Every structure is written in structure tokens, then in C-alpha cells.
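Chain by chain, the residues run as shown.
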Amino acid sequence: MQVNFKLNGTPVVVDVEPRMHLADCLRDELRQTGTHLGCEHGACGACTVIVDGAAVRACLMLAVQAEGSSIVTVEGLSTEEALTPLQTAFRKHHALQCGFCTPGMLTTAHALLTDEPDADGDRIRAVLSGNLCRCTGYIPIIDAVLDARAAYRKSDKR
Amino acid sequence: MKPAPFEYQAPATLREAVDLLASDPEAMVIAGGQSLMPLLALRLATPSLLVDLRRVPGLDAIAIDDSGIRLGARVRWRDIEDDRRLETAHPLLRETIAQVAHYQIRNRGTVGGSLAHADPAAELPGIAVTCDAELTLVGVAGTRMVRAGDFFTGPLTTVRQHDEIITELHLPFWPSGRRWAFREFAQRRGDFSLAGIALFYGEDQEGRVANANVGVIGACDRPQRLMEVEALLNGRFIDEGLIREAAETSARTVDPPEDLHAPAAYRRALVATLIERGLRSAAQHRSA
Numbered sequence: 001m002q003v004n005f006k007l008n009g010t011p012v013v014v015d016v017e018p019r020m021h022l023a024d025c026l027r028d029e030l031r032q033t034g035t036h037l038g039c040e041h042g043a044c045g046a047c048t049v050i051v052d053g054a055a056v057r058a059c060l061m062l063a064v065q066a067e068g069s070s071i072v073t074v075e076g077l078s079t080e081e082a083l084t085p086l087q088t089a090f091r092k093h094h095a096l097q098c099g100f101c102t103p104g105m106l107t108t109a110h111a112l113l114t115d116e117p118d119a120d121g122d123r124i125r126a127v128l129s130g131n132l133c134r135c136t137g138y139i140p141i142i143d144a145v146l147d148a149r150a151a152y153r154k155s156d157k158r
Numbered sequence: 001m002k003p004a005p006f007e008y009q010a011p012a013t014l015r016e017a018v019d020l021l022a023s024d025p026e027a028m029v030i031a032g033g034q035s036l037m038p039l040l041a042l043r044l045a046t047p048s049l050l051v052d053l054r055r056v057p058g059l060d061a062i063a064i065d066d067s068g069i070r071l072g073a074r075v076r077w078r079d080i081e082d083d084r085r086l087e088t089a090h091p092l093l094r095e096t097i098a099q100v101a102h103y104q105i106r107n108r109g110t111v112g113g114s115l116a117h118a119d120p121a122a123e124l125p126g127i128a129v130t131c132d133a134e135l136t137l138v139g140v141a142g143t144r145m146v147r148a149g150d151f152f153t154g155p156l157t158t159v160r161q162h163d164e165i166i167t168e169l170h171l172p173f174w175p176s177g178r179r180w181a182f183r184e185f186a187q188r189r190g191d192f193s194l195a196g197i198a199l200f201y202g203e204d205q206e207g208r209v210a211n212a213n214v215g216v217i218g219a220c221d222r223p224q225r226l227m228e229v230e231a232l233l234n235g236r237f238i239d240e241g242l243i244r245e246a247a248e249t250s251a252r253t254v255d256p257p258e259d260l261h262a263p264a265a266y267r268r269a270l271v272a273t274l275i276e277r278g279l280r281s282a283a284q285h286r287s288a
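Each protein sequence line maps, in turn, to chains A and B. Mapped onto my numbering, the consecutive letters of the first sequence carry residue numbers 1 to 158. Mapped onto my numbering, the consecutive letters of the second sequence carry residue numbers 1 to 288.
In case anyone wonders, no lab produced these hints; they're calculated from the structure. A quick note: this is a predicted structure, and the numbers were derived from the prediction, not measured. Please note: incorrect hints may appear among the correct ones.
[Claimed, not checked] Computed cross-link-like contacts, EDC-like style, restricted to lysine to aspartate or glutamate with a CA-CA straight-line distance of at most 20 Å: (1) K154(A) / D143(A); (2) K2(B) / D52(B); (3) K2(B) / D28(A); (4) K92(A) / D143(A); (5) K6(A) / E17(A); (6) K2(B) / D147(A); (7) K6(A) / E67(A); (8) K2(B) / D15(A); (9) K2(B) / E29(A); (10) K154(A) / D115(A); (11) K92(A) / D147(A).
[Unchecked claim] Non-contacting residues of chain A with respect to chain B, defined by C-beta distances greater than 10 Å in every case (computed): (12) E17; (13) P18; (14) E40; (15) P85; (16) K92; (17) T108; (18) A126; (19) I139; (20) D143.
Glycine included, every Cβ here is placed at the ideal spot set by N, Cα and C.
This is chain A alone, in the form it adopts within the complex (with noise of 0.2 Å):
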């Protein structure tokens, strides 16, 4: 089936198996890798990107119901030039090892502090409780995030 969706910005053009998920869609049609894969069925958040403004688990939704939607992965969020607030704030607090969990702990991350710039840290903890990560033991993830949080407050950039 043709799906239709902007990804980062961009229209794009696809076609898939109905049972195809957004991930593997992502991954393997688009060839955009930043978004990983750890567990498929819901269970890791590695593969949260932000669709319409939300973040989801892009292994708990089919490529066919992104028909008419706008999706920001981990790709959108970074820009040539230079770092991030966010991955400033992630590399300062040494919020990652291996990597794996990175991408869906940054989109989650920046879905949040777009919508609510003001989380305090039971807010930050609650929501990143959907993302696994085998490293770090999470301290370092959620200081980074409350560090982010004075840049999403002066802007209102996405």
C-alpha cells in the first residue's frame, strides 16, 4: 500500500506491506536508522518518534495509519552546524554509554519539554519510565533532561 507522511520535514512517498510497522518503515524503506529497535512490542521505547506532536512507540503503529501525518524522529532533532540543547545536555552529564536506548530517550525528551518546558523531576522520571536503558542507571538521563529544560522555556522552536 502508498503511504503518504512529512518526515522531518519533508513529504515522503512509500510503499509497504499493510503489517509493516512505522519502525521497520522508518529503518528500512527510508533508510533514516536513527530510530532503533530493541524489543518490538512495546516494551524498550528505543523506537519513540514524535507523530503529530506525540511522542509514540513507532513499533506499536503501522506504517498505513501514518497515512497524512507529520513525523519527527531522531534525524529532525539534530542539525548540522552544532549540538543541540538536548544532546548538549546529554553529553555534559555523560547521559548515554552504548547508545542503544539514545535516540528514544532524546525524542521523548524534547516531546516533553516542548509541551511542558516547566517538568520537574517526578514528571521527568514518570515519563521516561516507558524508555529502557541497560547503561546509566537513568540519574544521568534525567539530569540532562532538567538541564535541557531552560532552553525549550526561551523558545518555542520544534
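Starting from the structure of chain A, add chain B where the hints point.
Showing chain B alone in chain A's frame:
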């Protein structure tokens, strides 16, 4: 973790969706997909056709009036969390839904999907049963209403006919001043709970319990009301003695499943503890 192949249709009307279901005994409905997609990935479900409700109009509204709250089948958990009117119109619903699964799942999971999936530990079916809500089902034969208490028949099973689609959940009006609580316990935040309880009651002039409703999730093969506990509470003043009595009664009346996560005795004890905490908290707080 790849689903078996299936066909896919996204009809533009409810009538077409019902007809598609009726035309294929192996067809299934998908909305947010947050319960169905894992089943497809694990091949526990292998439908021949998925009928997606995403284009069907009129299923995504939250309507509030004197008769209560109507939740369209495609209302997402996030929509309930974001609707400030529900802070007073149904605080129990709002607080409970904030505890459904995880952030990303609440952004896509829907009212109709959770009811149709009928996991015994799911939050919304528990609220629907506790509040004596009513579901609207539309099928080839027409529209019918089913009380939530009659809808769930066991784990992942309901009285929904194959060609029927849930269109709405109607929660009865929530009067101000009610006392209420929701408590659940899961091994990790966002997991299905090992058990959970929802309760609410009014008070008579002197402050005695009136019209108590008490429900459990995860502790039986379906969400259930604990009528014995309700009868025990009605007409009494809440004190530590009554709270303990209610907790003991709840543990005795549930019929918990035994699985690798917890033995039945553990779930029984858990229900008692949650009832105890819920009643204690409800006695301290009250809705606006």
C-alpha cells in the same frame, strides 16, 4: 516480532467499518493499536483483515453534561489527561488514566481499544465496572447498550459480537463532594498492575457512608465490584476498625489468578492493603 500478513482498510464511515467486519470472520478492529500491536507482533493474533477506525468521524469527543460523561471510542488517554474539565467532572477517571501504561502509550491508546481488549488488570475497564458505566455497541443488527458489569466475561473476552464496534462509554454523572480513591501496584511503573482498586462513596448528613462503589482489577478474571465490601461500608462511619474489616472482606471475596508474577495469596493480601490505603486516603480527601 513481525506480524503475520493481513489486509488493511481504513473506511470513512462506521457503517462501512461494521460491514467490513461482518464480511470477514477473521477481521479485527484497530484504533490506537497499543494492545493489538503487541499481540500481532507476538502472533497471538493473526487477523486476515484489520479495519482501522482512524477515519471514522464522531468517535473522538469527550462530552460532559448532567447525565455524566461520554467518552468516544477513539478518545486517547492523553485526551483525558489534558481535559481540565474532568478535574471536577470525574476526578477518579482522570487520576486513574494518568496511571495507564507509559507516556508514549497514553499518546495513542484509546478508550474503545482498552474496553474491547479486556485485560483483567486494565484500568479503564475497572473504572467502567466500578462506576456502573454503559457501553454503546454498533453492529449489523443495530445499536445496543451494555452495562460494563455485563460486558466483561473473562480474560480478554467480552459479550461483543464479531461485527460490533464499541462507539462510546457513558460514565454516570459524578456529584461534587464525593470521596474516592484509586490505588494499584505494579512491579515497575507502567506495567500492568498485580492488582488495583477503585472506590468512591457519598456521605449522609451525619457523615455515614452512602452508596459505596468498590471495584478491583487484576485480582479476578475480569474487573469486578466487591458488593460485600460495599454493603459493609454503607451506613457506617469510616474508622480504622471498619477499614480493617473492609480490607479483610475484600481479600476474602476476590478470586485472584496465580501466575509467575505472584501467587494468589499475595494478590489477596495486596487487594486488602490497597483497599485499606484507598479508604484511608478517601476519608482524608474529597472532590471539589
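Here is what the structure says about each hint:
1. K154(A) / D143(A): holds (19 Å)
2. K2(B) / D52(B): The given pair, whose Cα atoms are some 19 Å apart, holds under the 20 Å limit.
3. K2(B) / D28(A): With Cα atoms ~13 Å apart, K2(B) and D28(A) stay inside 20 Å; holds.
4. K92(A) / D143(A): Cα-Cα ~10 Å, so holds.
5. K6(A) / E17(A): holds (19 Å)
6. K2(B) / D147(A): Violated, because 38 Å separates the two Cα atoms, which is more than 20 Å.
7. K6(A) / E67(A): With Cα atoms ~9 Å apart, K6(A) and E67(A) stay inside 20 Å; holds.
8. K2(B) / D15(A): holds (17 Å)
9. K2(B) / E29(A): Judged against 20 Å, a Cα distance of about 15 Å means the pair holds.
10. K154(A) / D115(A): Answer holds: K154(A) to D115(A) is near 13 Å, not above 20 Å.
11. K92(A) / D147(A): At roughly 10 Å apart (the allowed maximum being 20 Å), D147(A) and K92(A) satisfy the hint.
12. E17: violated (7 Å)
13. P18: violated (3 Å)
14. E40: Check fails; 3 Å does not lie beyond 10 Å.
15. P85: holds (21 Å)
16. K92: holds (24 Å)
17. T108: Violated: least Cβ distance 7 Å, not greater than 10 Å.
18. A126: violated (7 Å)
19. I139: About 16 Å separates I139(A) from the closest Cβ of chain B, which puts it past 10 Å; holds.
20. D143: It holds; D143(A) is separated from chain B by about 19 Å at its closest Cβ, greater than 10 Å.
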